[in-house]
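**Student:** Below, each chain spelled out in residue letters.
Protein chains: 2
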Amino acid sequence: MTGPEIERLIQLLARLPGLGPRSARRAALHLLKRREVLFLPLVEAMTAAASSVRTCSVCGNLDSCDPCTICANPKRDPSQICVVEEIADLWAIERSAAFRGRYHVLGGVLSALDGVGPDDLSIAALVRRAGDPAMKEIILATNATVEGQTTAHYVVDRLAGLPVRVTRLAHGLPVGGELDYLDDGTLAAALQSRRAISSAGGGG
Amino acid sequence: MTGPEIERLIQLLARLPGLGPRSARRAALHLLKRREVLFLPLVEAMTAAASSVRTCSVCGNLDSCDPCTICANPKRDPSQICVVEEIADLWAIERSAAFRGRYHVLGGVLSALDGVGPDDLSIAALVRRAGDPAMKEIILATNATVEGQTTAHYVVDRLAGLPVRVTRLAHGLPVGGELDYLDDGTLAAALQSRRAISSAGGGG
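Heads up: the protein sequence lines correspond to chains A and B, in order.
Using my numbering, read the first sequence as starting at 1 and increasing by one per residue.
Using my numbering, read the second sequence as starting at 1001 and increasing by one per residue.
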């Protein structure tokens, strides 16, 4: 019905997460009708990103420099490493602006079903970084899923013996969350990890 | 948190229909992690489409040639024109493979609210095409919305006096549709346009 160029464009757009065949067609039309203001700038941005973005050899983040902006930033505490499953998790924590240390991206989770073993993740590199005498704390920020927690346990085992403090993110009520809508597991975890609110200061 | 190249990529991806800021981030990561199999082919397809695709000067379709493949195809009946609002509608009818004539894309609908008047749509060109002595039928396939039907009425008025048959798409039950879930307007239209099923042949 249309040229092969449009067909191929739609086919490839449909492989983006969140876009199916129908929305890929809409996206292609949207681009073709906005050539100057969107299509050409997007092509340019994609070309720039494709040629300049690489994986940080230290933490596994994606950036246009290696080591990445975070690893190269002297203001980021080098004695704290936050361990995440994926780059998207790193970005999410950065958006919260609640962490001023550095990161380590595992690149996935252990999964017997998917055939992902310890050698498929960036665990050896993490152990090496954790062995740095200046290292103080490794924060495990894997997802609160079975695979995420299994992976965290495995990492804890691998870090055993090193003189670093190993912590994990707290589980509990999401801020703004309502008890009535919370699942039982989260509620149980929130109850178990309850903290004192007296002026004497809370316990973990 | 990441290089300006990634930020810009995410920003532009978020302007695609169906993608918000969050899904644009996911899409950008998806692309960056699949450089060889998806990112570079997509950049190539976009570059090819951006440079070759143009608007057909006859019907308003998008294609890599002008006149477009449909207008240039001698097997497509030149005496029938199907009038649609947008290119997406043309593509939808083509997918149904139920029409072997040619098209005319209006480029929108009349809308006092959005300040779209007759001169903003490709109506004069349609009247010119309809005036061709070989032209037999103009099928109005605008959406069954208030704006779509208003636009259809206006086009009918503009075509008055020309020796062509002007028709519109039937309204009724969608194939596979259930009466119980149908809105009253559609049900009324389907009832009003009922057809005889005797062997003598149905009436419109």
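Bear in mind the hints are in silico, worked out from the structure with no lab data behind them.
Errors might be hidden in some of the hints.
[To be verified] Quick partial rundown of chain B residues pointing at chain A, CB under 7 Å, derived from the structure:
{"id": "1", "residue": "1015"}
{"id": "2", "residue": "1018"}
{"id": "3", "residue": "1019"}
{"id": "4", "residue": "1021"}
{"id": "5", "residue": "1027"}
{"id": "6", "residue": "1029"}
{"id": "7", "residue": "1030"}
{"id": "8", "residue": "1037"}
{"id": "9", "residue": "1039"}
{"id": "10", "residue": "1053"}
{"id": "11", "residue": "1063"}
Just so it is clear, the structure is predicted and the values come from calculations on it, not from any experiment.
Backbone N, C-alpha and C fix where the C-beta goes; we use that ideal spot for every residue, glycine too.
**Student:** Now, for every hint given, state plainly whether the structure supports it.
**Tutor:** So, going through the hints one by one against the coordinates:
no.: 1; hint: 1015; verdict: holds, 6 Å
no.: 2; hint: 1018; verdict: holds, 4 Å
no.: 3; hint: 1019; verdict: holds, 6 Å
no.: 4; hint: 1021; verdict: violated, 10 Å
no.: 5; hint: 1027; verdict: holds, 5 Å
no.: 6; hint: 1029; verdict: holds, 6 Å
no.: 7; hint: 1030; verdict: holds, 5 Å
no.: 8; hint: 1037; verdict: violated, 9 Å
no.: 9; hint: 1039; verdict: holds, 5 Å
no.: 10; hint: 1053; verdict: holds, 6 Å
no.: 11; hint: 1063; verdict: holds, 5 Å
In terms of the numbered hints stated before, the structure departs from hints 4 and 8, listed from lowest to highest.
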